[in-house]
Amino acid sequence: MAPILELKGLSKKFGALDILKDINVSIDAGEFLVLVGPSGCGKSTLLNCIAGLEPISGGSVVIDGRDMQNVSPKDRDIAMVFQSYALYPTMTVAKNITFGMKVRGVDKALQQKKLDHVARQLQIDTLLDRRPSQLSGGQRQRVAMGRALVRDPKLFLFDEPLSNLDAKLRVEMRTEIKKLHQNLNASMVYVTHDQIEAMTLATKIVVMKGGVIQQIGTPAEIYSHPANLFVADFMGSPAMNLIPAKVKKNGKGTQFIIQNNDREDLILTDLNAANLPEQIVLGIRPEDIADSKLQKHHHDQVASCLIDVVEPAGADTYVLMSLGGVEVTARLQAETSAIAGLPMNLSFNMDKASYFDANTGERLN
Amino acid sequence: MTNFANRSTLNVSVKNLVLRWLLYAVLALFAIYYMLPLFVMVTTSLKSLEEIRTGSLISLPRDVTFQAWMTAWSGACSGIKCEGLRPYFWNSVIMAVPAVLISTFIGALNGYAVAQWRFRGANLIFALILFGCFIPFQVVLLPMARLLGQMGLAGSIPGLIMVHVIYGIGFTTLFFRNYYVTIPPELVKAAKIDGASFFRIFFSIFLPLSLPIIVVTIIWQFTQIWNDFLFGVSFSEAGTQPVTVALNNIVNSTTGVKEYNVDMASAIIAALPTLLVYVVAGKYFIRGLTAGSVKG
Amino acid sequence: MITWLEKHMPKIVLAPSFLIAVIFVYGFIGWTAWVSLTRSRLLPRYDLHGFIQYERLFDSARWDTALNNLYIFGFLFIIISTLLGLMLAILLDQKIRTEGVIRTIYLYPMALSLIVTGTAWKWILNPGLGLEATFRDLGWTDFSFDWLVNPDMAIYTVVIASVWQASGFVMALFLAGLRSIDQEVIKAAQVDGIPTWRIYASIIIPSMASIFLSAFIVLAHLAIKSFDLVIALTGGGPGFATDLPATYMYTMAFSRGDLGQAASSAMVMMMIIFAIVVPYLYSELRAKHD
Chain A
1 MAPILELKGL
11 SKKFGALDIL
21 KDINVSIDAG
31 EFLVLVGPSG
41 CGKSTLLNCI
51 AGLEPISGGS
61 VVIDGRDMQN
71 VSPKDRDIAM
81 VFQSYALYPT
91 MTVAKNITFG
101 MKVRGVDKAL
111 QQKKLDHVAR
121 QLQIDTLLDR
131 RPSQLSGGQR
141 QRVAMGRALV
151 RDPKLFLFDE
161 PLSNLDAKLR
171 VEMRTEIKKL
181 HQNLNASMVY
191 VTHDQIEAMT
201 LATKIVVMKG
211 GVIQQIGTPA
221 EIYSHPANLF
231 VADFMGSPAM
241 NLIPAKVKKN
251 GKGTQFIIQN
261 NDREDLILTD
271 LNAANLPEQI
281 VLGIRPEDIA
291 DSKLQKHHHD
301 QVASCLIDVV
311 EPAGADTYVL
321 MSLGGVEVTA
331 RLQAETSAIA
341 GLPMNLSFNM
351 DKASYFDANT
361 GERLN
Chain B
366 MTNFANRSTL
376 NVSVKNLVLR
386 WLLYAVLALF
396 AIYYMLPLFV
406 MVTTSLKSLE
416 EIRTGSLISL
426 PRDVTFQAWM
436 TAWSGACSGI
446 KCEGLRPYFW
456 NSVIMAVPAV
466 LISTFIGALN
476 GYAVAQWRFR
486 GANLIFALIL
496 FGCFIPFQVV
506 LLPMARLLGQ
516 MGLAGSIPGL
526 IMVHVIYGIG
536 FTTLFFRNYY
546 VTIPPELVKA
556 AKIDGASFFR
566 IFFSIFLPLS
576 LPIIVVTIIW
586 QFTQIWNDFL
596 FGVSFSEAGT
606 QPVTVALNNI
616 VNSTTGVKEY
626 NVDMASAIIA
636 ALPTLLVYVV
646 AGKYFIRGLT
656 AGSVKG
Chain C
662 MITWLEKHMP
672 KIVLAPSFLI
682 AVIFVYGFIG
692 WTAWVSLTRS
702 RLLPRYDLHG
712 FIQYERLFDS
722 ARWDTALNNL
732 YIFGFLFIII
742 STLLGLMLAI
752 LLDQKIRTEG
762 VIRTIYLYPM
772 ALSLIVTGTA
782 WKWILNPGLG
792 LEATFRDLGW
802 TDFSFDWLVN
812 PDMAIYTVVI
822 ASVWQASGFV
832 MALFLAGLRS
842 IDQEVIKAAQ
852 VDGIPTWRIY
862 ASIIIPSMAS
872 IFLSAFIVLA
882 HLAIKSFDLV
892 IALTGGGPGF
902 ATDLPATYMY
912 TMAFSRGDLG
922 QAASSAMVMM
932 MIIFAIVVPY
942 LYSELRAKHD
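Heads up: the protein sequence lines correspond to chains A, B and C, in order. Each residue of the first sequence is one higher than the one before, counting from 1 in the working numbering. Each residue of the second sequence is one higher than the one before, counting from 366 in the working numbering. Each residue of the third sequence is one higher than the one before, counting from 662 in the working numbering.
Any given hint might turn out to be false.
Within a straight-line C-alpha distance of at most 25 Å, the following computed PhoX-like cross-link-like pairs (lysine-lysine) qualify [as the list claims (entries may be wrong)]:
1. A:K95 / B:K557
2. B:K557 / A:K113
3. A:K352 / A:K248
4. B:K557 / C:K668
5. B:K380 / A:K21
6. C:K756 / B:K380
7. B:K648 / C:K756
8. A:K154 / A:K8
9. B:K557 / A:K108
It is worth saying that the hints were derived from the structure and are not from the lab. Please read these numbers as outputs of a predicted model, since none were measured by experiment.
If we strip away everything but chain A, and leave its shape as in the complex, we get (with noise of 0.2 Å):
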């Protein structure tokens, strides 16, 4: 089955500044494809290119086996939503759904039909007699997905469509959106920077830095195997522990000796590293290092380390340390003794672990 979508070599340039560099994704039917990355990494760029609202310098996108050159939007079969929502001012919730199929000569009744699914679908038919400027943000966010249903299209554009929500609202939002896309089997490309959003509603998530492709991969990969310095730091919360660490080959495996304040050098080993450089950055995250009294994994290397602050969190309590030069943050299990000031012995489970390359920031495992 061909890809809903496909960008290959996509490039856009604006003037002699490079917006966008050699883009390659493809996604299949029914996905949900997240564009993630911090501001000014070129995602909204991206998603209005796919729209054909901006011209591409190079490349092409191709939706549903046709190649979008010289395609307008409107030609597109796609819908999009915007941060702002973009709902029409002057029109009721009603003429601001239908306003699309009014311009497409759609026949009157069956306008009203899919206006009135589409309206009891986001529980929104309450309103349809009433003006944007009446609604609260998440009616208001509805409605906009309301417009973007109506068209029934190939390919559902969101432009950061929560970023103006209050934090309760917006994980309510997020729901609603994820269940559009199963109920629906929708295919869906998803713009925003937050990654927390990104994980919990992708199904393949694109990570972009200064419009270039850092990483593709489904949430799990790019949390669990992120592909260079920049993605482990970016995804997951709290952020990965990215401590800088000198390499030694001996017998039993590579060790990992890592700057400890004045005390003793912490020395991890893992015995199935294969070749590395000299010095790299170790990726360590937080869940993945334990108290060692009250849990162990199979290739866990213990070590004492000297805890600076702990913070109990309710279900977890998290211990901040120094080790090589950087704060380290460790998620414990609520029953931990840990005692700032005092030392402890962790364990840091190395099957979870991630290396990089100092230099080049680089993934090496």
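Fit chains B and C to the supplied structure of chain A, relying on the hints for placement.
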């Protein structure tokens, strides 16, 4: 201790009261300064010539008479003809209404194109169009007179309409552009995806939300065009003059006895439309005046 | 074909206005500039003769008077309107109950045609029957206010009338500016015990610099273009005593049939305005890019 405290607060409040009264006195004084001409115009227009000669400038009319008004409207002499202001008043109407409407409409389309449809050089084109607001019109008077002559429009009302539209476009474009620039560009994007064209988006989406700026622009343009004298006196003939030119002719005509009451009545008649607009929609008028002048 | 049209529609829509500007603004200015370099009299001639028109212009006593009048009138008009407008704005800022009514009264002159204004003030300042007569009737038998017909003083009547017309607008500008000042700074100063007049002098007025500039630009523009008012009030007289560049240009163009002089005086008017407006626009555009 208590007495002292009472005394000082009494002094302070007396001082405040005196200052307040002084403030109102000064404001009232200036209100008189601004109202004086209007007051004098009205009272003089209602007096007989006899009373004007013997009475004082600021006295109320002893015997109110509307004779001056009737003369001003239909009998005053401006040059050779003595038809009063009526025909010229209508000249101004026929000239102003189309000029205001056309220049406003063009300005709206221009402002929309510049503000919402970015393209290379859009800002430069806007600046070049805007420039027309700043020139002294003396510098285009001669070539315009020649062109109107060559086009056969010399001394005609359509010619005047054309002139006012041409030199009004700079202002109207500025007003609309500044207004449309505040509307988020996502609106046009959403409409594009919905399939709407450039004009469809303008008429269905932008125009409906433009009422405030349309009012401001129309008021501003009407005031400018109705009150204009330079273009009027340069490009009209005896029969096609606007009311400002006719007024000047009536007041400055050297034939016969100076009828001050008729002069005043004529001035009020000429001023009525814009004055009325100001009284009714003054809020929008002020907004138009300060649009673009005050930063922030 | 249709999609090409749609794609270029914004440019197509702007093209007519752009063309109009090119022809009727830039083209016409060019024509006038050209003619100002010729020997044109009643009819325009296009063979260039250098700057003789400008030499004639600045040799002319009448133009001398006109420029002089412009400086006197412009200076007084701008200064007085600004001070008056500022003072009235400050007074009105003091939480007056009838502010709306008073503002309406101060501003309505701006809605009038300058011909109307000139006519009204011509009557008020009429030596025999106007203010002079009124004060004489009230007892000041020696009071004389014949400025209107006095060649040395007539230009000041133009100042009086135009200040009356424009000061309300300046007041509106300043009032808007006063109101847009961050109230927290004022409150901090009041808490510090600084007297009200000092707050105005040291904090508020300096922070309104850009509004002073806007007001100056608008007033300077009005002053240089002043034509209607002079025609109605004094007709340029007595004699040429209240001539301004605008009236000089008009006379040369339509009464004297001296197109070369008309063109050159118009160009000088434009250059004066430019000298003021262009630096202002440039600094505004630069500020926006920052």
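Consistency of the hints with the structure:
| no. | hint | result |
| --- | --- | --- |
| 1 | A:K95 / B:K557 | holds, 16 Å |
| 2 | B:K557 / A:K113 | holds, 23 Å |
| 3 | A:K352 / A:K248 | holds, 20 Å |
| 4 | B:K557 / C:K668 | holds, 12 Å |
| 5 | B:K380 / A:K21 | violated, 73 Å |
| 6 | C:K756 / B:K380 | holds, 17 Å |
| 7 | B:K648 / C:K756 | holds, 19 Å |
| 8 | A:K154 / A:K8 | holds, 19 Å |
| 9 | B:K557 / A:K108 | holds, 21 Å |
Of the numbered hints given earlier, the model fails hint 5 alone.
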